[in-house]
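**Q** Sequence:
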Amino acid sequence: QGACLNPTTTTAPVPVTLAPPTCDAPNFLDKEGTTFFFRKIQILSMSTFQFYSPGYPASYSKPKTCIYVMTVNPGDVVEIHFVDLQLIPGSSIQLFNTFADQNPFETITTDIPSSKYFASTTNVMKMAFVAANDKAGVNRWEAEFSSKNKGLLFDYRRFDILA
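Be aware that the sequence shown starts at 1, since it is given in full-length UniProt numbering, and climbs by one per residue.
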C-alpha cells in the first residue's frame, strides 16, 4: 500500500522572523559591520538595512523599552523610515541624534506613511520603542535605515556692487 493510503497529521509551520523575541539589551546596528546580532537585520542593498520590532510580524506589548543604535560612516547621517508602522495608544517610537541624547528630536505616536523619512544630525541615531502594556490592537513595525551624505549647506546672499 502507498503512503497516500496512510494519512498523517501535520502542524502549520511557525512564521519566520528576523526580529528578536524580546528587548533584553540594546541592539547596535552598524552600517560597516558584517556580523549582525542574531540575524536581526537583513541586508537589502549595500547601504540599506532592515530591522523589526520584537517578534515581528506579531504584535509586541511587553513593558520593556527596546533600544536600537544605528551608526553610519563619519560625515554621513542616519536616515530611517518605517515600511510598516502600527502603534496602539500609549506606544511610541522616539528618535535621538546621538546615543547620549536625553531629548528626542522626533516622537512618533501614531501611524505615519512609509514615504516619511527622518534623519539624524550626526552619524549615530538612537531609537527607543516604548510599547504600551496592552494586548489589544496591533503594535509592530518594520524599519529601514541607511547612510545619507550630509552634503554642504550654502547660504546665498545678493550683494550689489556700487561703482
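Treat the hints as calculated values from the structure; they're not laboratory data. Wrong hints could be hidden among the right ones.
As the list claims (entries may be wrong) - Under the rule of at most 25 Å between Cα atoms (straight-line distance), these lysine to aspartate or glutamate pairs were calculated in the DMTMM-like manner:
#, residue 1, residue 2
1, 116, 106
2, 148, 79
3, 148, 101
4, 148, 106
5, 64, 144
6, 62, 106
7, 116, 79
8, 116, 142
9, 62, 144
10, 148, 84
To be verified - Derived Cβ-Cβ restraints for the label pairs, each shown as a range:
#, residue 1, residue 2, range
11, 149, 89, 14 to 22 Å
12, 48, 107, 40 to 48 Å
13, 133, 74, 18 to 26 Å
14, 115, 92, 15 to 23 Å
15, 104, 137, 17 to 25 Å
16, 73, 136, 38 to 46 Å
17, 106, 26, 29 to 37 Å
18, 63, 28, 36 to 44 Å
19, 121, 58, 15 to 23 Å
Backbone N, C-alpha and C define an ideal beta-carbon position, used for all residues, glycine too.
**Q** Kindly indicate which numbered hints from before are broken by the structure, ordering the numbers from low to high.
**A** Per hint list: 11, 12, 13, 17, 18 and 19 violated.
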